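Residue numbers (my numbering): 1 to 257.
These aren't lab readings, by the way, just hints derived from the structure by calculation. Quick caveat: nothing in here was measured; it's all calculated off a predicted structure. Among the hints, erroneous ones may be present.
As the list claims (entries may be wrong) - No farther apart than 25 Å at their CA atoms in a straight line, the calculated lysine to any residue pairs in the SDA-like style are these: (1) K227 - E213; (2) K56 - I99; (3) K101 - E112; (4) K46 - M1; (5) K62 - E14; (6) K62 - D29; (7) K56 - K11; (8) K173 - D150; (9) K173 - G239; (10) K12 - M1; (11) K46 - A22; (12) K189 - K56; (13) K20 - L6; (14) K56 - L6; (15) K173 - G248; (16) K101 - K12; (17) K11 - D29; (18) K189 - G203; (19) K101 - D150; (20) K227 - T178.
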Amino acid sequence: MSRFELVLIIKKLELAEVTKRAFQNRFYDVDKGSYGPFGGNIFALKIGVQPDQYPKVITALKSDIENNDGHLDTGIFGTQFFFEILSENGLHDLAFEAINKRTQPGYGYWLEQGTTTTREAWDDGGSHNHPMFGGGLVWFYRKLAGMSADPEQPGYRHIIFRPQPVDEVTFTKYYNNTIYGEAGIHWRKEGDEFTMNVKVPVGCTATVYIPAENEADVSEGEVLASKSTGIDFQRLDEGYAVFSVKSGEYRFVSNSD
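Given the sequences, and given the hints that come with them, work out the whole structure.
Take a look at the structure:
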């Protein structure tokens with residue numbers, strides 16, 4: 001990295017921090033503990049809030065959603081982040097409820113009308129083949145299915161597999177043709193058993209989060225995952241057993257009593 005590139009990165013970080021502070025100072029309502037509805041709290045959580053503000057903002061966000069009968073209340077920019085922000089902040093079930101709504105505003109309403117493309121508006125107005133609210137749909141593969149590119153190694157050079165199941169969904173499948181080849185995940189829940197197939201292209205690596213309470217609950221093929229070739233156990237992390245893997249196809253099974 002050249003000196004110029006390093007200086008440019010530092011300047012961008014400084015600008016990001018100044019922008020975040022200005023947003024916090026301008027929009028945070030101390031009395032309400034909120035940055036406001038219609039995406040205010042979503043944007044705040046996206047850029048970061050002060051530690052003492054965080055629980056209040058989460059409470060305000062939950063209240064916003066409850067006041068809208070579980071619907072989102074965001075425009076095109078807030079909708080892009082709405083579902084992922086919920087899932088990243090312990091509100092994954094609310095994200096699923098909102099994206100599954102069959103009444104306006106919601107994607108489920110479009111499906112009820114026979115729509116197969118995203119629209120310009122939540123109602124019947126405007127274009128019916130429009131990317132206006134399409135940004136929120138990345139939640140399906142990044143969070144529900146659980147496949148994301150590592151921002152530190154972009155282009156799927158390193159992949160993060162971290163499924164976030166919900167009770168109402170028994171399986172998901174997502175595959176993508178990356179510049180290195182096909183990558184994907186397919187998970188299924190049956191009783192206490194969670195099966196998770198992942199595919200890592202040649203020349204790539206991945207971090208795999210498998211729902212489990214203990215390392216010993218996870219097998220790959222016919223052996224414990226931690227004993228399988230090409231797999232290294234990393235840690236337990238908030239309900240997941242975390243492994244690093246090299247390129248290849250893997251079948252993980254997690255059993256919990």
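Here is how each hint holds up against the structure:
For the proposed pair K227 and E213, the alpha carbon gap of about 17 Å is at most 25 Å, so the pair holds. This hinted pair checks out: K56 and I99 have alpha carbons roughly 24 Å apart, not beyond 25 Å. Restraint check for K101 and E112: the C-alpha separation of about 10 Å stays at or below 25 Å, so the hint holds. Simply put, K46 and M1 have alpha-carbon atoms about 28 Å apart, too far for the 25 Å limit, and the pair is violated.
Taking the CA atoms of K62 and E14, the gap is about 31 Å. The hint is violated against a cut of 25 Å. Taking the CA atoms of K62 and D29, the gap is near 16 Å; set against the 25 Å cutoff, the hint holds. Under the criterion of a C-alpha separation no larger than 25 Å, the hint pairing K56 with K11 is inconsistent with the structure, at around 31 Å. For the given pair, K173 sits about 19 Å from D150 by alpha-carbon distance, which is consistent with the 25 Å threshold.
Distance restraint check for K173 and G239: the Cα-Cα separation of roughly 21 Å lies within the 25 Å cut-off, and the hinted pair is therefore satisfied. Using a Cα cut-off of 25 Å, the hinted pair K12 and M1 holds, with the two alpha carbons roughly 16 Å apart. A hinted pair counts as satisfied when its Cα atoms are at most 25 Å apart, and K46 with A22 qualifies at roughly 14 Å. Proposed proximity of K189 and K56 is contradicted: the alpha carbons are some 34 Å apart, above 25 Å.
Using a Cα cut-off of 25 Å, the hinted pair K20 and L6 holds, with the two alpha carbons roughly 21 Å apart. Between the alpha carbons of K56 and L6 the distance comes to roughly 37 Å, so the proposed pair goes past 25 Å and is violated. Pair hint K173 plus G248 holds up; C-alpha atoms about 17 Å apart against a cutoff of 25 Å. Distance restraint check for K101 and K12: the Cα-Cα separation of roughly 39 Å exceeds the 25 Å cut-off, and the hinted pair is therefore not satisfied.
Restraint check for K11 and D29: not satisfied, since their Cα atoms lie roughly 29 Å apart, outside the 25 Å limit. With a C-alpha separation of about 30 Å, the suggested pairing of K189 with G203 is violated against the 25 Å cut-off. A hinted pair counts as satisfied when its Cα atoms are at most 25 Å apart, and K101 with D150 does not qualify at roughly 30 Å. Only pairs whose Cα atoms come within 25 Å are accepted, and K227 paired with T178 is rejected, the gap being roughly 29 Å.
Checked against the numbered hints given earlier, the structure breaks hints 4, 5, 7, 12, 14, 16, 17, 18, 19, 20 and satisfies all the rest.
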